[in-house]
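A.B. asks: Position 410 (the sequence shown) corresponds to 630 in this note's numbering; numbering is contiguous.
Derived from the structure by calculation, the hints contain no laboratory data.
All values derive from a computational prediction rather than experimental measurement.
Don't be surprised by glycine CBs; every beta carbon is placed ideally from N, CA and C.
Errors might be hidden in some of the hints.
30 Å max Cα-Cα, derived DSSO-like pairs, lysine-lysine [unchecked claim]: (1) K331 - K453; (2) K229 - K533; (3) K469 - K331; (4) K436 - K453.
Per label pair, the in silico range of CB-to-CB distance [to be verified]: (5) F658 - T481: 44 to 52 Å; (6) P551 - L478: 39 to 47 Å; (7) V316 - Q491: 29 to 37 Å; (8) I413 - S560: 35 to 43 Å; (9) I413 - S495: 35 to 43 Å; (10) D339 - S652: 56 to 64 Å; (11) F427 - L619: 27 to 35 Å; (12) F232 - P551: 41 to 49 Å; (13) I313 - Q562: 28 to 36 Å; (14) I313 - I460: 16 to 24 Å.
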Amino acid sequence: MFTNKDLRKLIFPLFVEQFLLLFVGIADTFVVSFSSEADVSGVSLVTSFNTVLIFLFTALASGGAVIISQYIGSKSDEKASKASSQLLLISIIISVVLSTLILVFNQPLLKLLFGKIEDDVMHACQSYLIITTFSLPALAIYDAGASLCRSIGKTSITMYISLITNILNVIGNCVGVFVLHLGVAGVAYPSLITRTLSAIFITIYCFYGHISVKYKIPYICTWNGPLQAKIMKIAIPNGIENGVHQLVKVALSSMVALFGTYQIAANGMAQSIWSLAAIMGLAMAPVYTTVIGQCMGARDIESANYYFKKLDKITLVLSILWNALIFVITPFIIRCSAISSQAKDLVIWLVLINNIFNGLFYPYAGPLGNGLRAAGDVKFTMITSIVLTVAARLFFSALFGLILGWGVIGIALGMSMDLIFRGIIFVYRLKSQKWTRFELI
């Protein structure tokens, strides 16, 4: 069903897109750092809240991508078009409702989330939150269109859209901060503009592109309860899993705050490099969704097993090579940073620990899990991920970092335990063939 050339066409654009997203995030932080401290604080605080919403829309789009891929695999292009149209409809509804609630209750929400903060920081938070909230429907619409493009193997479309809009976003940030001196609004408005452009570009393609599966007005304007239930069957567990992961991430940040200044600085720098190391795994996850989803839609269990093994090998090799490369360039990345030499040495150790486990185990803990979800094995992957996020990631981080007193080294090792256990369990689940018993369509 998928030749090596087909897989390359899927993988490379997704990798480039993930790299662009990370690069723009770094560029945004760098540009806003030239504004006031209040603006930097405001953007940082609101970004943590916006991340939760981004994961929500990602989970929704992932649910749609699984259903669309399975319909494509079953040769039901019309049903796939109906599913993609319904995904667009529910994405618009949810994003508009959420945006309205946030805009109406923005002040109580900020006070609830961040408590009593300085007036100038609160003003920056409010400005950034209001402007970026207007972009949430555009973000949800883009994610819906991107899931359709990835399901049909047109990942180059999302790559080109990301390339164009992210370049415009960086330029807009520079103009807004350095030329117009708009402060926090100078980085918020470009995000609003470029997200809107992304949504417009991908929606036009999904309506009028030369593709067999596309948006259709009658399907968008008609509520299809059974089809929405199929999408939500994947989206809700995925959303819950992401939500728990974010909560544990906050808890780990609180642990890190208990350590010395140089360890906090080293951990902050290491996290940026860890994000770079994670790109390969994040890029491979949608590949599993598309390939395994289409195989299971066709009920071709033999092909699904074949591509599981093939993708596992590809992901493992690429992950090891990428993580090794990131570790090699780490000394050059941190050379110009303002942190102390002691913190720089610690960063090297943190990146080494993360990249070893990330390279060897994340292919099975992350992308393989996406493949199992695409086959319909949703509850098992959700329960496993949630339990291990708490029982392994949080427990071992507290044990190594706090009780044994290993500091941020212990946190890094504790987080790695989650990857080890999750990877082993998902491999066992794959070999058990229990994932073949589920039917989503």
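A.B. asks: Each hint needs a verdict: does it hold in this structure or not?
C.D. replies: Each hint, compared with the structure:
Annotation: proposed proximity of K331 to K453 is violated, straight-line Cα distance about 34 Å (limit 30 Å). A distance of roughly 17 Å separates the Cα atoms of K229 and K533; the hinted pair therefore holds under the 30 Å criterion. Note on K469 and K331: the hinted pairing holds, with a Cα-Cα distance of about 21 Å set against a maximum of 30 Å. Of the supplied pair hints, the one linking K436 and K453 holds, its CA atoms being roughly 23 Å apart against a limit of 30 Å.
Checking the proposed 44 to 52 Å range against F658 and T481 shows it holds: the Cβ atoms sit about 50 Å from each other. Taken as a hint, the range 39 to 47 Å is violated for the pair P551 and L478, whose Cβ atoms sit roughly 28 Å apart. Checked against the given bound of 29 to 37 Å, the beta carbons of V316 and Q491, roughly 33 Å apart, stay inside it. The beta-carbon spacing between I413 and S560, approximately 40 Å, falls within the hinted interval of 35 to 43 Å.
Taking the beta carbon of each, I413 and S495 are about 25 Å apart, not inside 35 to 43 Å as hinted. A C-beta distance of roughly 58 Å is found between D339 and S652, which places it inside the suggested range of 56 to 64 Å. Here the CB-CB span from F427 to L619 is close to 53 Å, at odds with the stated 27 to 35 Å. The hinted window of 41 to 49 Å between F232 and P551 is violated, with their beta carbons roughly 28 Å apart.
Checked against the hint of 28 to 36 Å, the pair I313 and Q562 fails, with Cβ atoms roughly 52 Å apart. Checked against the hint of 16 to 24 Å, the pair I313 and I460 passes, with Cβ atoms roughly 20 Å apart.
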